[in-house]
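We have chain A already, so just place chain B on it with the hints.
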Amino acid sequence: MIYTIPQKELINPGHLACQGCGGALALRTVLKTLGENTILTFPACCWSVIDGPFPYSAVKVPLFHTAFETAAVTAAGVKAGVKKAQDPNTISVAWAGDGGTFDIGIQALSGAAERNEDMFYFVYDNEAYMNTGVQRSSATPKGAWTTTTPTQSPKKERKKDLVSIIAAHAVPYIATACVAYPEDLTKKLEKAKKIKGFKFFHIFAPCPPGWKINPQDTIRIAKMAVENKMFPLFEIEDGEKYTINMPNPKKEKNVPVNEYILKQGRFRHLKEDDINEIQAFVDKRWEKLKKLAEI
Amino acid sequence: MSTQKVLMGNHALSWGAVTSRVQVISAYPITPQTQVVELLSEMCTDGTLDAEFIKVESEHSAMAACIGASAAGARTFTATSAQGLALMHEMLHWAVGGRLPVVMGNINRAMAPPWTIWTEQTDSLSQRDTGWLQVYASSNQEVYDSVLMAYKIAENRKVSLPMMIVLDAFFLSHTSENVIMIDQNKADAYLPKYDPEFKLDVKNPHTFGGLTTPDWYMELRYNIQKGMDDSYQVIRDAQSEFKSVFGRDYGMVEEYKCEDADVILVGMATAASTGKESIDILRNKGVKAGLLRIRYFRPFPFEDVRRVLKNAKQILVLDRNLSPGLGGITFQEVKSAMYNEKNKPPIYGFIMGLGGRDITVESITNLFEHAKKNDPQDIIWMEVKK
Numbered sequence: 000m001i002y003t004i005p006q007k008e009l010i011n012p013g014h015l016a017c018q019g020c021g022g023a024l025a026l027r028t029v030l031k032t033l034g035e036n037t038i039l040t041f042p043a044c045c046w047s048v049i050d051g052p053f054p055y056s057a058v059k060v061p062l063f064h065t066a067f068e069t070a071a072v073t074a075a076g077v078k079a080g081v082k083k084a085q086d087p088n089t090i091s092v093a094w095a096g097d098g099g100t101f102d103i104g105i106q107a108l109s110g111a112a113e114r115n116e117d118m119f120y121f122v123y124d125n126e127a128y129m130n131t132g133v134q135r136s137s138a139t140p141k142g143a144w145t146t147t148t149p150t151q152s153p154k155k156e157r158k159k160d161l162v163s164i165i166a167a168h169a170v171p172y173i174a175t176a177c178v179a180y181p182e183d184l185t186k187k188l189e190k191a192k193k194i195k196g197f198k199f200f201h202i203f204a205p206c207p208p209g210w211k212i213n214p215q216d217t218i219r220i221a222k223m224a225v226e227n228k229m230f231p232l233f234e235i236e237d238g239e240k241y242t243i244n245m246p247n248p249k250k251e252k253n254v255p256v257n258e259y260i261l262k263q264g265r266f267r268h269l270k271e272d273d274i275n276e277i278q279a280f281v282d283k284r285w286e287k288l289k290k291l292a293e294i
Numbered sequence: 000m001s002t003q004k005v006l007m008g009n010h011a012l013s014w015g016a017v018t019s020r021v022q023v024i025s026a027y028p029i030t031p032q033t034q035v036v037e038l039l040s041e042m043c044t045d046g047t048l049d050a051e052f053i054k055v056e057s058e059h060s061a062m063a064a065c066i067g068a069s070a071a072g073a074r075t076f077t078a079t080s081a082q083g084l085a086l087m088h089e090m091l092h093w094a095v096g097g098r099l100p101v102v103m104g105n106i107n108r109a110m111a112p113p114w115t116i117w118t119e120q121t122d123s124l125s126q127r128d129t130g131w132l133q134v135y136a137s138s139n140q141e142v143y144d145s146v147l148m149a150y151k152i153a154e155n156r157k158v159s160l161p162m163m164i165v166l167d168a169f170f171l172s173h174t175s176e177n178v179i180m181i182d183q184n185k186a187d188a189y190l191p192k193y194d195p196e197f198k199l200d201v202k203n204p205h206t207f208g209g210l211t212t213p214d215w216y217m218e219l220r221y222n223i224q225k226g227m228d229d230s231y232q233v234i235r236d237a238q239s240e241f242k243s244v245f246g247r248d249y250g251m252v253e254e255y256k257c258e259d260a261d262v263i264l265v266g267m268a269t270a271a272s273t274g275k276e277s278i279d280i281l282r283n284k285g286v287k288a289g290l291l292r293i294r295y296f297r298p299f300p301f302e303d304v305r306r307v308l309k310n311a312k313q314i315l316v317l318d319r320n321l322s323p324g325l326g327g328i329t330f331q332e333v334k335s336a337m338y339n340e341k342n343k344p345p346i347y348g349f350i351m352g353l354g355g356r357d358i359t360v361e362s363i364t365n366l367f368e369h370a371k372k373n374d375p376q377d378i379i380w381m382e383v384k385k
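From first to last, the protein sequence lines stand for chains A and B. According to numbering that gives the first Met the number 0, the first sequence is numbered sequentially starting from 0. According to numbering that gives the first Met the number 0, the second sequence is numbered sequentially starting from 0.
Chain A with its partners taken away, still in its complex shape:
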């Protein structure tokens, strides 16, 4: 089934994103579906810079810049505010990077999820603190180079399984999405718009300078991550009903992670054994996800 993505742009051209920025693409797609009756809250993240500088702003909806660790709760406050002082149907959106979500913002995020605040939370995940110059976050995958995990000692820990943490809060809706699949993202947004309560979106958003890839390869790399199950697409309803929604299940059978790894400068130092270990981890996680989805 082909989904039509709304045409109206709510992001102005001339913003400050790097070429090929997955995060910029992600917000552009999301706002098209959420529409004009939306208020955005940004914590410190790439978008704090992409949007500006004052007095310019790249977004055509109201936007509140807030402190690093407060995206979820500030957006919950905005929702309570519009409920009492304006239109209660206005959509309140927290839009945060992986550092502001997986690390410093997880307390406020967990609080908002536990209270089942009627809002959207989006993490555009570029797998490190890119805005400050590529430092590791708990969303950085094992083996990756960052400026705080040098090639002599790349990241030793696995990427935090944040979606499972949010699922443990039994929120009504969780989705993973990827900038390479805007139809899938749009379809999920349409569905989530009808749901009252906490909606969590984990969007995979490559970062050319941070991943050391060519800007023109953003979509190609993002597609690979879905095809090889580094970043599978799925939904979780009420914290327990898992639905896998891979775009091309036949084509995606047994796609190895090699090409994805080798195409990125941040993984250049990895040896064959390291890549095999990543493959084993991805395979194990995929089997677990299939079990959860009862396939």
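Any given hint could turn out to be false.
[To be verified] Here are the simulated EDC-like cross-link-like pairs (lysine to aspartate or glutamate), alpha carbons at most 20 Å apart as the crow flies:
| # | chain 1 | residue 1 | chain 2 | residue 2 |
| --- | --- | --- | --- | --- |
| 1 | A | K31 | B | D200 |
| 2 | B | K202 | A | E113 |
| 3 | B | K384 | B | D357 |
| 4 | A | K83 | B | E196 |
| 5 | A | K83 | B | E218 |
| 6 | A | K82 | B | D200 |
| 7 | A | K59 | B | E253 |
| 8 | A | K186 | A | D237 |
| 9 | A | K83 | B | D49 |
| 10 | A | K190 | A | E236 |
| 11 | B | K192 | A | D86 |
| 12 | A | K193 | A | D183 |
| 13 | A | K82 | B | D45 |
| 14 | A | K141 | A | D237 |
| 15 | B | K202 | A | E35 |
| 16 | A | K287 | A | E239 |
| 17 | A | K83 | B | E41 |
| 18 | A | K193 | A | E239 |
| 19 | A | K83 | B | D194 |
| 20 | B | K343 | B | D377 |
| 21 | A | K287 | A | D237 |
| 22 | A | K250 | A | D160 |
| 23 | A | K82 | B | D194 |
| 24 | A | K82 | B | D49 |
| 25 | B | K54 | A | D160 |
| 26 | B | K202 | A | E8 |
| 27 | A | K83 | B | D45 |
| 28 | B | K54 | A | E113 |
| 29 | A | K83 | B | E361 |
| 30 | A | K240 | A | D160 |
| 31 | A | K193 | A | E35 |
| 32 | A | K82 | B | D377 |
| 33 | A | K193 | A | D272 |
| 34 | B | K343 | B | E382 |
| 35 | B | K157 | B | E253 |
| 36 | B | K384 | B | E361 |
| 37 | B | K287 | B | E253 |
| 38 | A | K159 | A | D117 |
| 39 | A | K155 | A | D272 |
The set of hints was computed from the structure by calculation and includes no laboratory data.
Same frame as chain A, but now just chain B:
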């Protein structure tokens, strides 16, 4: 005939929020503040108050929620104490920079470690450079009245800054006093609906707080100071309107027998109200003593302080707080207020009553005894085991 209630200081804050028709409350429990929000959550449930109550997971989030709601145009309230206020610190700046008139009750409690729950002013005075207006109360009536006035002042477009109502742990927070309640119709006439000049509005979208280069940041800080400068008149107007409608008279400071006083004690909060009795005792003994209670710490009431103190022969400042390496915080402000005056009376800086230690009538008369016999010093520790 006005209704009266017997209220603890904490519940005087809660009722102040009700009388002010707050729309969004967000808070986190901490002793000795907890009763403020316990009563408010009951009131939000039983319909006494039509407000959203966001029960957050930390004080940092409580302030962030108030900031979000205030930016969306709602009247917001929270309350905290000590560690909670310290945790909020980053967001206190955010409320100021965002020019958001959040109103908060802070119950003065000493900072840990070691764990303590008793009164001291170091928690709120540590926040004096954030840009919050601060008013210190000495009775539960004053606590209750201050909430209504706080919104009137903070929401004034000339000010547009957040405001903190500060009261002593236990001496006010848990002490019951008679409080004359304000008629709701009169309160509504005194404090109309919050109508901000700018808000998060989908019909008129704006961006708030985006990246600002050195070309513009300084102007925004200048405007915050201008808000503080303009707040003096806004406060006076709010107080005089309050007096004409409700009959109770508040100033930026309270003067007690200062007109002809040779020795004036300067203090804040309940310690200063205890001091009134000491002044009476000293007066009976023929000492020309007076008392100046500072209500507003921010903006600092320079004019009032200079006017009251300029003819004194000695000034005694009582601080229930400490800035280590400096001394009493009120002392520093009073001293700087007097520096450019022609008549500069000697100023004594007394530290007393930290961590909730009692400040008695006798403790305060002793300050006058000390000043009679000794030269002035910046830090004079009283009643401390050295």
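Hint check results:
1. About 18 Å separates the Cα atoms of K31 (chain A) and D200 (chain B), which keeps this hinted pair within 20 Å; it holds.
2. A C-alpha spacing of about 31 Å is found between K202 (chain B) and E113 (chain A), which places the hinted pair above 20 Å, so the restraint is violated.
3. Among the hinted pairs, K384 (chain B) with D357 (chain B) is consistent with the structure: their alpha-carbon atoms are about 14 Å apart, no more than 20 Å.
4. Taking the CA atoms of K83 (chain A) and E196 (chain B), the gap is about 17 Å. The hint holds against a cut of 20 Å.
5. A threshold of 20 Å between alpha carbons decides the hint, and for K83 (chain A) with E218 (chain B) the separation of about 32 Å lies outside it, so the pair is violated.
6. The straight-line distance between the Cα atoms of K82 (chain A) and D200 (chain B) is roughly 12 Å, inside the 20 Å bound, and the hint therefore holds.
7. Pair hint K59 (chain A) plus E253 (chain B) does not hold up; C-alpha atoms about 50 Å apart against a cutoff of 20 Å.
8. Distance hint between K186 (chain A) and D237 (chain A) is fulfilled; the C-alpha atoms sit about 18 Å from each other, no more than 20 Å.
9. The hinted pair formed by K83 (chain A) and D49 (chain B) meets the criterion: a straight-line CA distance of about 9 Å does not exceed 20 Å.
10. At most 20 Å may separate the alpha-carbon atoms for a hinted pair to count; K190 (chain A) and E236 (chain A) meet this at roughly 11 Å.
11. For a cut-off of 20 Å, the pair hint linking K192 (chain B) to D86 (chain A) stands: about 16 Å separates their Cα positions.
12. Distance hint between K193 (chain A) and D183 (chain A) is fulfilled; the C-alpha atoms sit about 16 Å from each other, no more than 20 Å.
13. A distance of roughly 19 Å separates the Cα atoms of K82 (chain A) and D45 (chain B); the hinted pair therefore holds under the 20 Å criterion.
14. Taking the CA atoms of K141 (chain A) and D237 (chain A), the gap is near 30 Å; set against the 20 Å cutoff, the hint is violated.
15. Between K202 (chain B) and E35 (chain A), the direct Cα distance comes to roughly 9 Å. Compliance with the 20 Å bound is thereby established for this hinted pair.
16. Of the pairs offered as hints, the one joining K287 (chain A) and E239 (chain A) holds, with about 14 Å between alpha carbons and a cut-off of 20 Å not exceeded.
17. Proposed proximity of K83 (chain A) and E41 (chain B) is supported: the alpha carbons are some 18 Å apart, at most 20 Å.
18. For the proposed pair K193 (chain A) and E239 (chain A), the alpha carbon gap of about 19 Å is at most 20 Å, so the pair holds.
19. For the given pair, K83 (chain A) sits about 13 Å from D194 (chain B) by alpha-carbon distance, which is consistent with the 20 Å threshold.
20. A threshold of 20 Å between alpha carbons decides the hint, and for K343 (chain B) with D377 (chain B) the separation of about 15 Å falls inside it, so the pair holds.
21. Proximity of K287 (chain A) to D237 (chain A) is assessed by CA-CA distance (about 18 Å); at most 20 Å being required, the pair is judged to hold.
22. Restraint check for K250 (chain A) and D160 (chain A): the C-alpha separation of about 26 Å exceeds 20 Å, so the hint is violated.
23. Between the alpha carbons of K82 (chain A) and D194 (chain B) the distance comes to roughly 15 Å, so the proposed pair stays at or under 20 Å and holds.
24. Simply put, K82 (chain A) and D49 (chain B) have alpha-carbon atoms about 11 Å apart, close enough for the 20 Å limit, and the pair holds.
25. Distance check on the hinted pair: K54 (chain B) and D160 (chain A) sit about 27 Å apart at the alpha-carbon level, beyond 20 Å; violated.
26. Taking the CA atoms of K202 (chain B) and E8 (chain A), the gap is near 16 Å; set against the 20 Å cutoff, the hint holds.
27. For the given pair, K83 (chain A) sits about 17 Å from D45 (chain B) by alpha-carbon distance, which is consistent with the 20 Å threshold.
28. For the given pair, K54 (chain B) sits about 11 Å from E113 (chain A) by alpha-carbon distance, which is consistent with the 20 Å threshold.
29. Of the supplied pair hints, the one linking K83 (chain A) and E361 (chain B) is violated, its CA atoms being roughly 51 Å apart against a limit of 20 Å.
30. Of the pairs offered as hints, the one joining K240 (chain A) and D160 (chain A) holds, with about 17 Å between alpha carbons and a cut-off of 20 Å not exceeded.
31. As the CA atoms of K193 (chain A) and E35 (chain A) are separated by approximately 16 Å, the hinted pair is consistent with the 20 Å bound.
32. Taking the CA atoms of K82 (chain A) and D377 (chain B), the gap is about 52 Å. The hint is violated against a cut of 20 Å.
33. At roughly 46 Å between alpha-carbon atoms, K193 (chain A) and D272 (chain A) are farther apart than 20 Å, so this suggested pair is violated.
34. About 28 Å separates the Cα atoms of K343 (chain B) and E382 (chain B), which puts this hinted pair outside 20 Å; it is violated.
35. For the proposed pair K157 (chain B) and E253 (chain B), the alpha carbon gap of about 25 Å is over 20 Å, so the pair is violated.
36. A C-alpha spacing of about 18 Å is found between K384 (chain B) and E361 (chain B), which places the hinted pair at or below 20 Å, so the restraint holds.
37. For the given pair, K287 (chain B) sits about 17 Å from E253 (chain B) by alpha-carbon distance, which is consistent with the 20 Å threshold.
38. This hinted pair does not check out: K159 (chain A) and D117 (chain A) have alpha carbons roughly 25 Å apart, beyond 20 Å.
39. With a C-alpha separation of about 14 Å, the suggested pair K155 (chain A) and D272 (chain A) falls inside the 20 Å cut-off, and the hint holds.
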